[in-house]
Amino acid sequence: MFGLKEYRVAQSLDQADQLLHEHKNNVILGGLLWMRMGRKNYHTGIDLSQLGLDRILETEEAIEIGCMTRLRQIETSGILDACFGRVLADAVSHIVGVQFRNAATMGGSVFSRFSFSDVVTALLALETHVHLYRGGILPLETFLESSPQRDILVKLSLKKKAWKTSYQSHRMTATDFPVLAAAISCCEDRWRISLGARPSRAKLATKAAALLPKKPDAAQIAAACDQVVEEMSFGGNQRGTREYREILAKVLVKRGVEAVCR
Amino acid sequence: MRIVNTAVPKVDAMALVTGKPVYTDDLAPKNCLIVKLLRSPHAFAKICDMDTAVAAQMPGIACVITHRDVPRHRFTMAGQSYPEPSPYDRLILDQIVRYVGDPVAIVAGTTEKEVEKAMREITVSYEVFEPVLDPEKALDHPSVIHPEKDWHVNFDIGSQVERNLCCSGGFESGDTGAEFSASDVIVDEVYHVKANSQAMMETFRTYTYLDHNNRLTIVTSTQIPFHIRQIAARALGIPKQNIRVIKPRIGAGFGAKQTLISELFPAIVTLTTGKPAKIVFDRTESFIGSTSRHEMIIRVKVGADKEGKLLAIHLHTLSNTGAYGEHAPTTVGLSGHKTLPLYNKAKACKFSYQVVYTNTMSAGAFRGYGATQGTFALESAMNELAAKLGMDPLTLRLKNLLEEGEILTAYHGEKLNSCALEACIQKGREMIGWEKKFPCVRISDTKVRAVGAAITMQGSSIPNIDMAAVEVRLQDDAYYTLMIGATDMGTGCDTILAQIAAECLECELDKIIVSGVDTDHSPYDTGSYASSTTFLTGMAVVKACERLKGKIIRAAGLRLKTDPAALAFDGRAIFNDNEKDDEKNRINLDDLAKSLVVGAGHCLSATASHSSPVSPPPFMAGFVEIEMDLETGKTHVIDYVGVVDCGTPINPNLARLQTEGGIVQGIGMALFEDITYGKTGKMMNNSFMQYKIPSRLDLGEIRVAFQSSYEPAGPFGAKSIGEVVINTPAPAIAHAITNACGIHLRTLPMTAENILMKIREKQ
Amino acid sequence: MQISCDINGKAYTRHIEPDLVLIDFLRDLGFLSLKQGCDTTNCGLCTVWVDGTPRLSCAMLAAGIQGRQITTIEGVEKEAAAFGQFLAAQGADQCGFCSPGFIMNVLAMERELTDPSDDQIKHYLAGNLCRCTGYAGQMRAITLYLGARKGELSCE
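Protein chains in written order, with our numbering: chain X, 1 to 262; chain V, 1 to 763; chain F, 1 to 156.
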C-alpha cells in the first residue's frame, strides 16, 4: 500500500507549484492508477481537479489538452477526430477498459514517460509540445529525453495541420500493453514515424521518415521499414523478444504508411 | 420430466446480481484481527535466525508466529479423502522455505497498516541454497528439496524423495513393443503444457473465531469444507470435533479451492490469541502463494497401420509438482487414464510417469486435473498421425473410437455404459463447416482461416472414494429442506440438486430450500471436485427423496389407518392408488406435514449416502476456426464449437455456461496464459497486469450443443460436465495452427511470436 | 481530514485518512457489494459511478470524492435486478463475484451509448473480467435486455 499524509486541493497553479516544492515527497495526483500500486510513502498529494485543466480546447493554431483530461475524453473527442483522424482514439482505446480510461489522465500518461505508452507513441507522431509550469514549453521529443524534474505538466498543445494518420499496435491480448506500437503521420509531404514499447520509450524514426515521398510505392515503403529497424534499437522483455519486435516494426510501419496513403 | 432438464435460473441468482453481502469477507466481523504473511524472497533456503521481538511489541500487533511456534505434524494441503495419496510434506511454517513466496511468519494486528509496518521490522537471515527450477533437471539434482526425516506417505506412490522424485508409476496393456514394430506409421513427439493459474475472481480468504464452547470456527471460501476440517485438525493438532467449517457463497474455484490455502493462518492466530482473525489474499498473493496447474512434459508415441488402425500408444508424463506434492500422484494419473481410453481399440497401450519436486510454487488442482495436459499431448499426436497417414483427422478418430459396451482397459477396466461421442463429432463437424473449411481458406495476402479439432473425456467422481450424503426434511408447511455437503461455487449445484429433489418429490422448485454448507449441520460430502457433484450428490438426492417419499406414504397410512401399500403420493397428496375418488383415504401433504409436528407426531426426514463404483466419462468434441495474421503470427479464435455428451443435462443453461466458460479458459491456456519464473525462481506474472486471462475482446463466437447419452449410474441419466469442457481448445487450436501454416507447435502457450518464429524457421 | 459526499442519494460526512482508498471507505460504510478482484486496476470488479461516470473505486482516494455523487449497485437496486433477471435467465450470474461491478458498467453503458452494436458493447465492457462464464451468456443477456428496453423481447 502506498501512503499519503496530506491531501490538498490546489486552488491555483501557483499554489500547486508551491505545494509541490514544499517537501521532496509531495506529489501531483493524476489518475492514481499507478500510484496506488506502489509502496511509496508520500507527504502531500496535490489535487489539480479544480483548476479547469480537464478540457480539450481549440485555438487558431493548435489543440490544447489539459493535463487532467482523461483518456476516455481523448477517445470520444470530436475535435481530435476532426484534426488528427483516429490516431489518438485508436491509441487509447485498447487501454484496460472504460473505467480505467475515465480515470487515467493525459498529464500522468506523458509526465511519467512510460516506456510502454500508447499515448506518447501517438502524440509523437503529431507535433506535440509539452507545457511545464516551470520548465516552459518544449517539444515532446525533447521532454521525453530530458531527465525527470519536479514540475507540473499543465497541458499539451498539438499543432493543427492537414494531418493524415494511422495507429498500429500488436498486443498479446486485446487490452494488454502493446508488444509494439507505431503511429504514422503525414502532413503535406512530411512523414513522421513513431515507435513505442520497443520496449523502451517511444521515439521517432527520422531517417526512415525522410525516405518516404508523398506517395510512396511498395519498394520505398519497404526501404523505410528496413531503415526503421536500422536506426532504432529494440529489446526483449516478457512480452516479446528483440527479434520479434524488429519483425513487427516493419509490419506495423508498412501497414501504417499504407493506411495513411489510402 | 418436469424440472430436470429445464433451464431454471439459479436459486441464489437475485442475491448475486443485486450485490448482496454473501461472501466470506462480507460476513466477517469488523473486529477481526488482520492477518498477513511475511513470505520468502528465496526459492530455496533455510531460516537461520529470525528476530521478531521489535515487531511483536509494535502498536496494534497481537502476535507474530514463526516456524518455532507451529505444531510439528506434517500434512498435505490437498483436499482428498483420508488417507490422502498426496505426501505429507508441509508444516504451517517450516524452517526450510522451498519457493519464492513460501510463508515465513504470520503477523496479526488490529489494522492492515499496523501489520504491514510490523512486518517490515522482522529480520530474517537465510542460508540460501541453489534452487531447482527446471523439472527436467530435478531428478538427482544436488539440491534435495525435501530432506526432512518426517516426510510421510500414507501408501506407496513410487516416491524417492532423496532424488526429488515425488511419485512415479504406470501400467501396460498388451505388448506395445511388438505393436510399434508392426506399425506402418509412427508419431513420436514431446508436448509441453505450462503452469496456469485458476484465477477465479474471489481470491483466497478466511476468517476464524472461537464459539461459546471454545470450538474453532473456520468460515472460508472453499470447495472442500469437510477436508478442511480433517486437514486443519491434523495441522493444528486439535481434535476434529473442535472444528467447525462454514462455506458461504464463493467467488468460484476451478480447483484452486480444492486445496487449503488461506485457512490455517487465521486459525492459528485465533488459537493463539483467542480472538477472531481474518486473512484476505491480495491478487499477487493469490498468484504466488497458492497452487497452479501442473506443468507437464509429455512424450507420446502412437503407431498405426496404413489404414489408420491404431496399434499402440505410449504416453510418458513428467509432471512438475513444485515445492510440495499437493495432488501430485493423482493429477498425473489422469494424463493417461483420461486420454488413452478414447482409443480403447488400440491393440496395446502403455502409460508411465514421474512427478518431480522443484523450487516453484506447488502445483495443485485445476479444472481438468491432468486430463487437460494429457489431452493436449495425445490429441495433438493424433492430429499429427492423421496428417502423416494422409487421412482426415476426424475419420481417424471415428475409425478408432471407443464404443458403448466396451471394457476400457486404460480406465481401470470400467465398462462404458453411455457414450455419444461419435454423434458429438458428427454434429460438430457439421456446425463448424468442416467439409468446406478443412484445412484452411486463404482470405487475403496476409490472412488465413483454418479449422482444427480434438476430442476428450473426463470422469464423474472418484470411484469408490468420493462419498456424498444428503438429508431431506419435510417441514411443517409442506416444503422441504435439502441439506447438502457439496459446495456450490457458482456452478449452480444448489440449484441442480434442488431440481433433482423437486423432480423426485414432484413439487415445485421453490418448495426446496437448499442449505449452505456447515460441517456441524450438513451431511458429509467429500466436496465439489473431480466432477462429482451432479453425478454423485445428485444420486444421493434421488435416493434420499425416494426414502422420504416412502416415509411420507407410511406416515399417511398411519393417519388414514390404511395399508400404505395401497397408497400413492403425487407431490401434493397421499391417496388410494386404486381408487382416486376415495376421499376417505386421501390426505393433503400440507395437512399431513402440519399434523406430524403436533403431539405424538413424527418428524419426517431421510438421509442417503452415495458413492459410485464407476466414474462414467462425459465426452466432448471441440472444433475451432481461427484467423491467423501471417505477418505477425497473431491468431484469433473466430468460432469455437463444443459438442458435449454429459448425459442428461439437469439444467441445460448451467451446462451451457459451464461449457462456454471452460472453452474460454482453454483458449486462454492455448494462446497466452503462462506462469513463468525468473532466474531466481520469482514468479514473473503475478498480477492481472502481467498474467492475462481472456477478456471479452479476445474471443470470437462460442457455440455449444449437446448430444446426450443416458448414463444408468447417474441421476436421471446425468454425468459430469465441469471439467471435460476445458480440454479441447489447446489441441484443437494447435491443430488449426498447423492447418493454417504447416507448423507444429508442441509447447503452450502458442503466442503470436511463437507462431511467427516457427513459420520463419520453416521458410 | 473531513469529507462530505453523496452516496446513493444520501449525504455522508466522515473523517478519513488522506490515503484511504474509495473502495475501503465504501465497504466500511456498509456498501459490501463492492469487490476487489485485483491490485492492478485490471478487473473492473470495483466499478462505481462518480457523478454518473463508471470508475474503479480501487484506484480513487476517498479524499477525492469531496462534494461528489457516488452510486453503488445498492443505489440502483431495481435497475440492477431488472437486468439481473436477464443474466439469471441465461445462468450467466455464475459465482456472482464480478456481477456488481459488471452490472454497474452495463447500466452505465446503457446511459452512455445509444443502440450499441455487439462490438461496441464488448469494447465498453472489456475492462470487466469474468472467469466463469466465458462472456457469451453475458452477451446474450445484454442483447435481450437492451431489446426488452426497446419493447422487443422478454428475458425468456
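These aren't lab readings, by the way, just hints derived from the structure by calculation. All values derive from a computational prediction rather than experimental measurement. One or more of the hints may lead you astray.
Claimed, not checked - Label pairs and their calculated CB-CB ranges:
(1) F:D119 x V:E127: 55 to 61 Å
(2) X:R55 x F:G52: 16 to 22 Å
(3) V:R215 x F:K78: 39 to 45 Å
What the hints assert, rightly or not - Some chain V residues flagged as far from chain F (calculated, every beta-carbon gap over 12 Å):
(4) N242
(5) N653
(6) M684
Said to hold, decoys possible - Using 25 Å as the maximum straight-line C-alpha spacing, the simulated DSS-like pairs for lysine-lysine come out as follows:
(7) X:K5 x V:K682
(8) X:K40 x V:K117
(9) V:K584 x X:K40
By construction, the Cβ of each residue, glycine as well, lies at the ideal position given by its N, Cα and C atoms.
How the hints compare with the structure:
Taken as a hint, the range 55 to 61 Å holds for the pair D119 (chain F) and E127 (chain V), whose Cβ atoms sit roughly 57 Å apart. Checking the proposed 16 to 22 Å range against R55 (chain X) and G52 (chain F) shows it holds: the Cβ atoms sit about 18 Å from each other. About 42 Å separates the C-beta atoms of R215 (chain V) and K78 (chain F), a value consistent with the hinted range of 39 to 45 Å. With a closest Cβ-Cβ approach of about 30 Å to chain F, N242 (chain V) is found to remain outside the 12 Å limit, as its non-interface label requires.
N653 (chain V), annotated as away from the interface, has a beta carbon of chain F within 12 Å; the closest lies near 4 Å. Even its closest Cβ contact with chain F, about 14 Å, leaves M684 (chain V) beyond 12 Å, as expected for a residue assigned away from the interface. Restraint check: the Cα-Cα separation between K5 (chain X) and K682 (chain V) comes to about 32 Å, which exceeds 25 Å; the hinted pair is violated. Taking the CA atoms of K40 (chain X) and K117 (chain V), the gap is near 13 Å; set against the 25 Å cutoff, the hint holds.
Between K584 (chain V) and K40 (chain X) the alpha-carbon distance is near 82 Å, which puts this suggested pair outside the 25 Å criterion.
Hint violations for this structure: numbers 5, 7 and 9, all remaining hints satisfied.
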